[in-house]
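Novice: The lines below spell out each chain.
There are 2 protein chains.
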Amino acid sequence: MAVPTLDFWFEFASTYSYPAAMRIAPLAKVAGVTVHWHPFMLGPIFKAQGWTTSPFNLYPPKGRNMWRDLERICGTLQLPFVRPKLFPQNTLLAARVALVGLAEGWGEDYCRAIYRVEFGEDRNVEETETITEVLTKLGQDAGTVLTRAQSDEIKSQLRANTEEAQRLDIFGSPTFVTTSGELFWGNDRLDAALDWAKH
Amino acid sequence: MAVPTLDFWFEFASTYSYPAAMRIAPLAKVAGVTVHWHPFMLGPIFKAQGWTTSPFNLYPPKGRNMWRDLERICGTLQLPFVRPKLFPQNTLLAARVALVGLAEGWGEDYCRAIYRVEFGEDRNVEETETITEVLTKLGQDAGTVLTRAQSDEIKSQLRANTEEAQRLDIFGSPTFVTTSGELFWGNDRLDAALDWAKH
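Line by line, the protein sequences are chains A and B. According to the numbering used here, the first sequence is numbered sequentially starting from 6. According to the numbering used here, the second sequence is numbered sequentially starting from 6.
No lab work stands behind these hints, which were simulated from the structure alone. Keep in mind that a hint or two might mislead.
Stated by the list, open to error - Chain B regions said to be covered by chain A (calculated; three or more residues, Cβ under 8 Å):
{"hint": "1", "region": "58-67"}
{"hint": "2", "region": "92-100"}
{"hint": "3", "region": "165-179"}
Stated by the list, open to error - Quick list of in silico lysine-lysine cross-link-like pairs, DSBU-like style, CA-CA up to 35 Å:
{"hint": "4", "chain 1": "B", "residue 1": "K90", "chain 2": "A", "residue 2": "K67"}
{"hint": "5", "chain 1": "B", "residue 1": "K90", "chain 2": "B", "residue 2": "K203"}
{"hint": "6", "chain 1": "B", "residue 1": "K160", "chain 2": "A", "residue 2": "K67"}
{"hint": "7", "chain 1": "A", "residue 1": "K34", "chain 2": "A", "residue 2": "K160"}
{"hint": "8", "chain 1": "B", "residue 1": "K34", "chain 2": "A", "residue 2": "K203"}
{"hint": "9", "chain 1": "B", "residue 1": "K52", "chain 2": "A", "residue 2": "K203"}
{"hint": "10", "chain 1": "B", "residue 1": "K67", "chain 2": "A", "residue 2": "K160"}
{"hint": "11", "chain 1": "A", "residue 1": "K203", "chain 2": "A", "residue 2": "K67"}
{"hint": "12", "chain 1": "A", "residue 1": "K90", "chain 2": "B", "residue 2": "K52"}
{"hint": "13", "chain 1": "A", "residue 1": "K90", "chain 2": "A", "residue 2": "K142"}
Beta carbons: idealized from backbone N, C-alpha and C, even for Gly.
In isolation and in its complexed conformation, chain A is listed as follows (with noise of 0.2 Å):
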């Protein structure tokens, strides 16, 4: 039978796909299912729901209720944690730049490095300065991965992931979506998503 394997779709600017992206290589790796990381743009999605914001600052109670409920998370996950003083950011560059690295396999490391730096250390990674730091961190050559992440067959690969999102019914993130098409939305239905990929 062929390894079970299980699709991650994530926006880096969203706050409960940060402990869900820590934690999904060495539960997948228990669970024997291989993932692979699909970054998306959620803005899109968010703005046919009517939204031209996160909902977390549209609601502020809803707001105020996941920041410390995210707070809880990392504690309990040893994950540094600092609510970021912009929110959401625009994450164009730094989902493009997951696409190069994806391509080159030191992707998942670029995705958990973007993370922790927004939401672990306050980093704005709106900032071209921010990604190419995090990039030099990885060993990479930064203006070669820059150029490549804003070249025509990168944005178009990131158009074409989120526009499969949507036609995935995928309304926020994270999501895992099984092979059989089962989707699992949330950073506590991580569990449940790889349970249901071994099926």
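Chain B: place on chain A using the hints.
Specialist: Quick look at chain B alone, frame taken from chain A:
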């Protein structure tokens, strides 16, 4: 040391409150936590957020996922599940009756029975007939209970509950609040809430 307590805030129209209501008593018993049940109305709270119906109706992809997710959760917990034809249901009378029952000692059984017929048998709990049937099965005199449920005392108690929920920054159901004021939202946060209550 006093026995730790946890406040359980719930609205009968809420889908994920069904598994939460079914799970909370046995889990709290194991955790050594006393639970206080507080019915409230989500309508005024949703209205304050600009919603005239359930967000699961307002955002169709979110709604489709919720029904499938709830079905999976009920499957895992071996709880009966039938997607109700009417959603959300107006649970004003059901909540008033809950207040009578909670004061008289049969309220928790009543709450579980209401959730079970609503989400496990596709019954309409807006109807007095359904509530009467539930009460009768619990050995209550439905006429007496319904009269008390429509008293000014109970009506204002439910209004006070809803106002208290808003004051506590509650924005959804189920919500769990510890004596230290820690708020946990969602069936998937029940275990964390019980852990926190023991702190």
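Novice: Determine for every hint whether it applies to the structure shown.
Specialist: Verification of the hints:
With a cut-off of 8 Å between beta carbons, the region 58-67 of chain B has 3 residues touching chain A; three or more are needed, and the interface restraint holds. With 0 residues having a Cβ less than 8 Å from any Cβ of chain A, the region 92-100 of chain B misses the three-residue criterion, and the hint is violated. A count of 4 residues in the region 165-179 of chain B with a Cβ less than 8 Å from any Cβ of chain A is obtained; the coverage claim is therefore met, three being the minimum. Among the hinted pairs, K90 of chain B with K67 of chain A is consistent with the structure: their alpha-carbon atoms are about 28 Å apart, no more than 35 Å.
The suggested pairing of K90 of chain B with K203 of chain B is violated, with an alpha-carbon distance near 40 Å, which exceeds 35 Å. Note on K160 of chain B and K67 of chain A: the hinted pairing holds, with a Cα-Cα distance of about 27 Å set against a maximum of 35 Å. For the hint pairing K34 of chain A with K160 of chain A, the CA-to-CA distance comes to about 31 Å; that is within 35 Å, so the pair holds. For the suggested pair K34 of chain B and K203 of chain A, the alpha carbons sit about 33 Å apart, so the restraint of at most 35 Å is met.
The straight-line distance between the Cα atoms of K52 of chain B and K203 of chain A is roughly 42 Å, outside the 35 Å bound, and the hint therefore fails. Straight-line distance between C-alpha atoms of K67 of chain B and K160 of chain A comes to about 27 Å, which keeps the hinted pair within the 35 Å bound. A threshold of 35 Å between alpha carbons decides the hint, and for K203 of chain A with K67 of chain A the separation of about 34 Å falls inside it, so the pair holds. Between K90 of chain A and K52 of chain B the alpha-carbon distance is near 29 Å, which keeps this suggested pair within the 35 Å criterion.
As the CA atoms of K90 of chain A and K142 of chain A are separated by approximately 24 Å, the hinted pair is consistent with the 35 Å bound.
The structure fails hints 2, 5 and 9 (numbered hints given earlier, in ascending order).
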